[in-house]
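Colleague: Work out the full structure: start from the sequences and follow the hints.
Taken in sequence, the protein lines are chains W and V.
Residues in the first sequence are numbered consecutively from 7, following the numbering used here.
Residues in the second sequence are numbered consecutively from 1471, following the numbering used here.
Among the hints, erroneous ones may be present.
Unchecked claim - When the alpha-carbon atoms are kept at most 27 Å apart in a straight line, the in silico DSS-like pairs for lysine-lysine are as follows:
1) V:K1497 x W:K42
2) V:K1507 x W:K42
3) V:K1497 x V:K1507
No wet-lab data here; the hints were simulated from the structure.
Quick caveat, the model's predicted, so the values are computed rather than measured.
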Amino acid sequence: MTRALEVDSHDTATATTGAARTDQGGSAADQVFSYKELARLDEALTMSSRETGLRFTLYVGELRTPTRAHAEELHARSGANPADAVLIAVSPGQRVVEVVTGASSARRLPDRACALAVLSMTSSFANGDLVGGIVNGLRQLSDQAGHPASLRH
Amino acid sequence: MNVAEALLVFAGIPLAIVVVLAVLTLKPGADRRPRYKPGQAWDYAPIWFEPHPAHTGGHDPAPAHGPAAVPGSSGTAALGSSMYPEQPAERNTDTGDSAGPAAGRSQGATAHAPQPAGPLGGARGTW
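Modeller: In structure tokens, the structure reads:
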């Protein structure tokens, strides 16, 4: 197996000292997604939040089983003002995606629009394209929510 | 043309071409991670991404944001400012107030107490 050369940390680890930070395993930022995919997710989240004034957050990981209840619990903690938040919770292991909207974001994103976005996300996920599905779903949700007049200038 | 030259021309050169093509074909995918396939297990730690708290206008309370409800005491492995892995203490908050955000973070800790967001909407999908 080839490995990328370790050039990020400037730790001076040798064979006789402790390991460098990147050799210790642990939490590499690109363990789940590559840096390119992370940049796509980051841009999609930031731009759709900025465009709509809502606060989109994305959870990728396992959900406890009633997944809806766990997603709503996460949504309640997703920011200072959860009424404006939109949580997209993807659990690839359980093959479930949940979209949770708060009280005021649900006025801009009705359940039918969320269901449409979820449908396009699941069709991408079924093809194995996690990041593409998430980005497309975010685009669809932010298109539906629109650009409020208070954000125009 | 003796035997050595013939071998070199008729075996060596085609072999070299094949090797060059094989290297060009296989090398770009050597360090690629396995692609997610539906139905395979997902044994990574949960990650929670949030948008950059930039200068959004309107009613977004963005400038005061800390991490999205990460109450743990360990440092978050942030990429930029938008990636916050969920901390282990967060996994078992059934009611939300036992190990919630009041676990002693310096900034942004009290702002993300679980609060009801009114009637929730949304959708659910499986694949």
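Colleague: All hints, please: hold or fail.
Modeller: Verification of the hints:
no., hint, result
1, V:K1497 x W:K42, "holds (18 Å)"
2, V:K1507 x W:K42, "holds (19 Å)"
3, V:K1497 x V:K1507, "holds (22 Å)"
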